[in-house]
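Q: Count along the sequence shown starting at 1, add 23, and that's the number in my numbering.
I should point out that these hints are in silico values taken from the structure, not numbers from a laboratory. Among the hints, a few may not be true.
What the hints assert, rightly or not - Here are the in silico distance ranges between beta carbons for each label pair:
(1) D89 x S539: 45 to 55 Å
(2) P299 x E227: 12 to 22 Å
(3) D415 x N591: 52 to 62 Å
(4) E113 x E521: 53 to 63 Å
Said to hold, decoys possible - When the alpha-carbon atoms are kept at most 27 Å apart in a straight line, the in silico DSSO-like pairs for lysine-lysine are as follows:
(5) K714 x K695
(6) K496 x K593
(7) K670 x K601
(8) K290 x K305
Note that CB positions come from ideal geometry on N, CA and C, so glycine has one too.
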Amino acid sequence: MATTCYVSAAANRQYCASDVSPTSLVSFGCSNSVALWDATDKHERGVLQTLPGHSGLVTCTRFFSDNVLLSADDTGLLLCRKRTGETWKETFRTQAHKSSISIMCIHASTVITGSSDAELKVWEVEGDNDRLSERQTIPLQGKYPLSLAVTQLPASTSIILAVGCTSQEIQIWIRSDSLFVEAASLPGHEDWVRCLAFTTTGIEALSLASGSQDSTIRLWNVEPFSKTATLVTAAADQAPDDLLDAFEASLGDLADIEEGGRQISLKRHVVTVKSPEHGTQKFSITFDALLVGHEAAVNSLAWRPSTSTSDSATPTLLSSSTDSSAILWSPSSIMVSQTETSSIWINSQRFGDVGGQRLGGFVEALWAREGTEVLAHGWSGGWRRWRNSEGDDWEEVGAITGHNGSVKDVDWAPKGEYLISVGLDQTTRIHGPVALQPVECWHELARPQVHGYDLVGVGFLSALNYVSVADEKVARVFEAPKSFVHNIQHFGIAEVLEQEVESRPESATVPPLGLSNKASQNAVSAVSSEGKLLRRPFEGELSAVTLWPEIDKIFGHGYESVTVGVSNNKKYFATACKSTNTEHAVVRVYRTDNWQPFGATLPGHALTITRIVFSPDDSLILSVSRDRTWRLFEHSDTGYTPVASDKSHGRIIWDCCWTVEGDAFATASRDKTVRIWAKNDGRWTTVVSLKCKESATAVSLSSTKHSRRQLAIGLEDGEIQLYESAPGALSQWNLRKTISAGVVHTKTVSRLAWRPNRSSDEDYLASCSEDGMIRILYIPNTC
24 MATTCYVSAA ANRQYCASDV SPTSLVSFGC SNSVALWDAT DKHERGVLQT LPGHSGLVTC
84 TRFFSDNVLL SADDTGLLLC RKRTGETWKE TFRTQAHKSS ISIMCIHAST VITGSSDAEL
144 KVWEVEGDND RLSERQTIPL QGKYPLSLAV TQLPASTSII LAVGCTSQEI QIWIRSDSLF
204 VEAASLPGHE DWVRCLAFTT TGIEALSLAS GSQDSTIRLW NVEPFSKTAT LVTAAADQAP
264 DDLLDAFEAS LGDLADIEEG GRQISLKRHV VTVKSPEHGT QKFSITFDAL LVGHEAAVNS
324 LAWRPSTSTS DSATPTLLSS STDSSAILWS PSSIMVSQTE TSSIWINSQR FGDVGGQRLG
384 GFVEALWARE GTEVLAHGWS GGWRRWRNSE GDDWEEVGAI TGHNGSVKDV DWAPKGEYLI
444 SVGLDQTTRI HGPVALQPVE CWHELARPQV HGYDLVGVGF LSALNYVSVA DEKVARVFEA
504 PKSFVHNIQH FGIAEVLEQE VESRPESATV PPLGLSNKAS QNAVSAVSSE GKLLRRPFEG
564 ELSAVTLWPE IDKIFGHGYE SVTVGVSNNK KYFATACKST NTEHAVVRVY RTDNWQPFGA
624 TLPGHALTIT RIVFSPDDSL ILSVSRDRTW RLFEHSDTGY TPVASDKSHG RIIWDCCWTV
684 EGDAFATASR DKTVRIWAKN DGRWTTVVSL KCKESATAVS LSSTKHSRRQ LAIGLEDGEI
744 QLYESAPGAL SQWNLRKTIS AGVVHTKTVS RLAWRPNRSS DEDYLASCSE DGMIRILYIP
804 NTC
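Can you make the complete structure from the sequences, with help from the hints?
A: This is the structure:
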């Protein structure tokens with residue numbers, strides 16, 4: 024049975040896409056799947072599994088309990104799954120809204136969803152069957168819901184719901200019996216309210232935190248109303264000057280803010296609820312504190328769990344922002360007179376990056392491990408994690424990363440030590456096994472290229488050099504810096520001769536407004552005194568200190584590049600570009616010793632060439648195209664020349680590959696066939712045509728230690744099929760294993776690549792997809 028060794032996945036850029044269960048199982052939307060990550064795993068194996076089921080982008084995930092998970096997407100679909108053992112099974116699905124579900128919250132058996140159809144819907148979970156029934160629809164008068172928070176009122180059976188919409192006010196709804204009714208509206212924020220969170224602050228009190236795009240956080244007290252209570256405004260008039268001075272200091276110098284001072288309203292909002300158990304009750308909602316510390320929109324808020332063993336008596340609020348920071352807020356006592364103290368909310372800890380709004384900042388931040396860890400995912404989809412080590416000390420620890428967008432190509436290092444990938448998120452990433460722990464775990468080791476164009480192709484020129492092509496006319500060549508070489512040696516991934524290390528630059532940087540990585544002799548920051556990383560790089564370091572210097576640009580094409588292929592002896596590489604005519608539908612071959620063209624361009628195709636591969640001995644180049652043809656070019660001293668072509672496929676040919684022995688090749692087409700070609704009487708002819716249920720988009724051939732040929736086929740729906748053939752029986756292929764769509768990928772498989780040069784019987788297959796995920800599958804010979 025095929026098992027997953029590694030999953031690279033990024034969180035969707037949605038403000039409700041992630042959640043944490045009571046046992047610190049993290050769920051997050053990844054394209055149209057839900058990914059699960061165990062934050063308590065001491066081996067840090069990353070994503071445990073992914074759950075298919077959605078056709079649209081997953082926008083919300085929420086744990087109803089440890090074993091029940093709700094998720095929603097941008098088509099308005101709501102799903103419920105229940106865990107039995109290690110398996111999650113779908114128990115309920117419904118078309119909950121007509122438009123995208125943007126927000127969801129849960130309290131007890133009540134589930135509330137908000138959608139861009141300007142409606143809220145209230146659902147109740149029925150018994151033990153985990154089915155949801157709709158109880159109420161709340162129209163929002165054309166306003167779109169951005170944030171929700173729901174909890175039970177203190178000393179009452181009634182429920183309070185706070186709603187933030189595309190307006191500056193917070194709507195308060197109360198449910199006494201069966202329906203929610205609007206009870207109050209809280210003004211104060213100067214922009215849309217992006218996030219809300221309730222917590223209990225005593226037996227008879229609640230605290231509501233609200234975060235806005237105006238960069239501020241407001242705290243509101245919810246408590247039983249008493250006619251004899253002293254008015255807040257009167258108390259403010261009588262407050263000592265010291266307290267007012269401290270309050271003003273916490274706000275900062277508002278006079279310097281261009282948009283004007285913050286609106287401070289101390290009005291007491293009174294709401295009335297009726298219930299059979301408690302009769303008529305009144306509650307007051309008053310403004311309590313204004314937290315100023317972020318420099319951009321506040322995107323998420325979360326109170327430290329009440330089960331936290333660390334300062335559990337002190338309420339702590341976690342906020343994240345577009346300014347690339349996450350902040351812990353907690354009250355601190357101050358002396359307002361010789362006999363009296365009061366409290367003021369202060370920034371007790373700041374995580375993330377200082378200065379600027381790099382890559383969109385943090386989308387969402389969460390508590391894990393009973394409030395001893397903070398997790399946050401950013402605009403690029405990668406996660407960062409901080410752990411409370413002792414007292415008030417926090418340290419960053421490893422998390423998970425992935426491409427935020429379609430992954431277009433992967434390639435193994437020549438000896439299979441690590442894997443390189445490129446995607447439409449304009450990054451190149453290197454993934455490898457870290458052997459410094461009892462269990463070998465794969466992680467992202469470096470991000471050599473953070474580009475300004477969508478990257479579409481990549482190939483290793485050596486273990487420490489690669490060439491990539493993007494949605495631009497040039498190909499770019501990169502060389503590993505000294506820091507990367509030290510790291511792979513330190514992690515036990517590969518050994519490099521010392522003479523190959525000394526001449527390399529320390530690292531690389533990207534100039535302002537530039538696209539080319541420049542070599543730098545400055546040592547990277549997260550290293551030991553010996554110049555080695557003591558642990559794998561974190562998300563914040565990957566795009567900053569693991570870049571590779573660019574050593575050359577290769578020009579020649581008239582339009583944007585599409586694909587690149589590298590010869591097996593690493594002496595040549597070939598590229599192709601977008602084309603609608605024969606003039607540009609050519610293959611250009613370059614030498615790697617001087618980066619100059621090798622021979623003339625290789626013509627013959629009429630439309631865009633989709634894939635180029637060299638034969639195992641590099642004597643032939645195979646190219647396939649949108650014009651439904653494949654072409655072969657033979658090596659000579661002066662270049663490659665055309666020798667064969669065919670147009671048997673009925674639709675676009677997406678991919679092609681050679682057998683390890685070089686006596687045959689395979690082509691994969693949109694006509695739902697994969698053809699195996701071999702030379703017969705001097706002509707290349709089809710020896711077998713394998714039918715597929717969907718368009719074949721990726722193909723890869725390998726041989727095992729037992730001389731069996733293995734063929735992996737990736738389909739348009741995400742399914743991967745594994746065929747095998749006995750020695751000397753090219754016309755006979757048996758379906759060995761089908762890995763269903765959804766188990767590995769949920770969208771088109773972009774590329775497949777067998778891991779080369781493995782001395783044992785173990786076979787590893789790397790795959791990448793339009794769903795943004797990279798997987799490495801272990802395939803035993805007995806499966």
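Q: Now look at each hint and say whether the structure bears it out.
A: Do the hints match the structure? See the list:
no.: 1; hint: D89 x S539: 45 to 55 Å; result: holds (49 Å)
no.: 2; hint: P299 x E227: 12 to 22 Å; result: holds (20 Å)
no.: 3; hint: D415 x N591: 52 to 62 Å; result: holds (56 Å)
no.: 4; hint: E113 x E521: 53 to 63 Å; result: holds (56 Å)
no.: 5; hint: K714 x K695; result: holds (6 Å)
no.: 6; hint: K496 x K593; result: holds (22 Å)
no.: 7; hint: K670 x K601; result: holds (20 Å)
no.: 8; hint: K290 x K305; result: holds (16 Å)
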